[in-house]
Amino acid sequence: MSDVLVRKGGLHTTVQDKGRDGYYSLGMPPSGAMDQYSYRVANMLVGNPDGAAALEATYVGPTLEFTDDRYVAVTGADAPVTINGEPVERWSTLRVRAGDVLEFAMLSAGARLYVAVSGGIGVEEYLGSRSTYTLTGLGGFQGRALKDDDRLPLDDDGATPPAVGSTLTEKLRPAFPHVATLRTMIGLCSYRVTKDSMREFSEVPWKVTKDADRIGYRLRGGRLRFVDRKPPHGAGSDPANVVDLGYPIGSIQVPGGDEPIVLLNDAVTAGGYATVGTVISVDRDTIAQTKSGDQVRFEPVDLDTALAARRDRRDRLERARASLRR
Amino acid sequence: MATTSVELPRARYDYGGDEFIFVELDEAMSLEANFKAMAITSALREENVDGVIDICPSNASYLIRIDPDRVNPAELVARLEGLERTVQPLAADKTLHTRLVDVPVLYNDPWTHETLMRFRDRHQDPEASDLEYAARINGFDTVPQVIDALSGAPFLVTMIGFVPGLPFCYQMVPKERQIEVPKYVRPRTDTPERAFGFGGAFAVVYPVRGAGGYQLFGLAPAPVFDLSQSLADFRESIVFPRPGDILRYRSIDQTEFDAVRAEVEKGTFRYRIREYEFSPAHFLADPDGVNNELLEVLYR
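For the record, the sequence lines run as chains E and C.
If you count the first sequence from 1, you need to add 1 to reach my numbering.
If you count the second sequence from 1, you need to add 18 to reach my numbering.
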């Protein structure tokens, strides 16, 4: 066991893993790394088992000082990384010694950085996961984002990582296009919105507003109109009101018609505003790497496409793993 | 079997992306739809299907979270359609083992009043308080009358969700006596912890401070969520309410509110709870009679 000294916490850095499954019916979202692909590759690069806890940093990375010898890797958004002031490769297996300091410069593309350390972040599991859920202050490191001068525990390091300097080929890294495409299964309560509006929904680019965090992303850009109806008993009389129901992770609710909210890993699990569809699970990685001011577009797809996208991500992870063995 | 007042339409099955199945038993709320959601979801829980991660009964619908690498979504839908046909929640001998719980509420409290006044720009009626608005659109002459109606009859917990431990509750009175209000035009960004809210035909207690779209009617002195698990009622789980619980949101005054707060802070507070065998069919046949019995059992 050892610690990592958090010299600077960054803007919003939390401990995350695969997520906390099985408590949705209590109203507890899964949390977990928003960009699961980058998170999983980070663990591979340091030889951690799948599911080891890592750090997720939003917009501004942390400054970390190590207290023993470890392997470390940085994935996710594009941001220059240094160790003791010397530039180092991202998406690579790096070696650090006691006293070494890992630091980030401003990111140029993407939104979330992942830092995996061999052995994994050693916070206690809570309900089967080390993920942080800050809204209720549970899991992760004291249920909150890291602050300057925290001491973050690491687990014992029995890792057998790829050779130091192993790097993931560019082809297997996520791209950050100017307008991100979010493949979406239309449905749920989309019958509440007119056909023209649903067409507009998938045609216009939507801009990520400043209200975009692990709970959800509020978007602006189009204006959806609701179908007139007599409200069903129990819903409430506002046009966007439905009888409160469960919200899938990735689902898109449209309270006023002009501000779709895409629910993400720390989302509310239920509510009474109409939802019009769900971003497929793989493309939650994509929206996680968009930031305020970026644009997204919703592309309607069917279930088979969503399942094929899962297979494709699994293949890419296997290729990533295979490419690192050498 | 008792005659029921609501005939449910055929359920609507839809996918929430590749990881969720959404089943809407009715667009409208009714106890019949909720009893059916609870019955199907508990039957599914007993089947222990590999790849089913979460089973969430909701008000007039339910949501299943799956790992589609382990269970084929279309095959699971076929299985759920089978349950829709076979499950009989309103058989005369069908009972729910449930808890009756006394939940004190300070209606028209100063804290939620302060919050709601900050968000008048998102409200249907910026000139009125949420309670005044609710009284007016539901045909009550005064705010105390709407409070009496809310406090007078118990509520069934029809769904848990939004954030951990938030109970959605539907009042156990005939439809024509149900209070109904719209949700805020745009959700608030702030709600006090333990606020008693109302939206559509549902009452809630907000477990933690945060966003919210329900009208704000009061404040509960006792928590529904306790991460520290220091109160005895939270030893088994950080959340208190469960689907199928029957809660009575009893109107209290400031003195009792302060007394309950003091007990919560000392760690000695316990909810008044009575175990109860609840018969949905019996209730639908005689709601007022069963409600009187519920209150009698609770305060005996």
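Treat the hints with care, as some may be off.
To be verified - Quick list of the computed label-pair ranges, beta carbon to beta carbon:
(1) C:27 with E:90: 53 to 63 Å
(2) C:170 with E:196: 36 to 46 Å
(3) C:211 with E:196: 50 to 60 Å
(4) E:312 with C:156: 45 to 55 Å
(5) E:312 with C:145: 55 to 65 Å
(6) C:295 with E:196: 48 to 58 Å
(7) E:8 with C:99: 31 to 41 Å
(8) C:156 with E:224: 27 to 37 Å
(9) E:90 with C:260: 30 to 40 Å
(10) C:159 with E:304: 52 to 62 Å
(11) C:255 with E:304: 56 to 66 Å
(12) E:196 with C:111: 11 to 21 Å
(13) E:303 with C:27: 19 to 29 Å
(14) C:146 with E:259: 22 to 32 Å
Stated by the list, open to error - Selected chain C positions facing chain E (in silico; Cβ < 7 Å):
(15) 30
(16) 31
(17) 33
(18) 68
(19) 78
(20) 137
(21) 182
(22) 296
Simulated from the structure, these hints should not be mistaken for laboratory data.
Quick reminder that beta carbons are idealized off the backbone N, C-alpha and C, glycines included.
Here's how the hints hold up against the structure:
no.	hint	verdict
1	C:27 with E:90: 53 to 63 Å	holds (59 Å)
2	C:170 with E:196: 36 to 46 Å	holds (45 Å)
3	C:211 with E:196: 50 to 60 Å	violated (42 Å)
4	E:312 with C:156: 45 to 55 Å	holds (53 Å)
5	E:312 with C:145: 55 to 65 Å	holds (57 Å)
6	C:295 with E:196: 48 to 58 Å	holds (49 Å)
7	E:8 with C:99: 31 to 41 Å	violated (57 Å)
8	C:156 with E:224: 27 to 37 Å	holds (31 Å)
9	E:90 with C:260: 30 to 40 Å	violated (51 Å)
10	C:159 with E:304: 52 to 62 Å	holds (53 Å)
11	C:255 with E:304: 56 to 66 Å	violated (34 Å)
12	E:196 with C:111: 11 to 21 Å	violated (47 Å)
13	E:303 with C:27: 19 to 29 Å	holds (25 Å)
14	C:146 with E:259: 22 to 32 Å	holds (25 Å)
15	30	violated (9 Å)
16	31	violated (10 Å)
17	33	holds (6 Å)
18	68	violated (14 Å)
19	78	holds (5 Å)
20	137	violated (14 Å)
21	182	holds (4 Å)
22	296	violated (20 Å)
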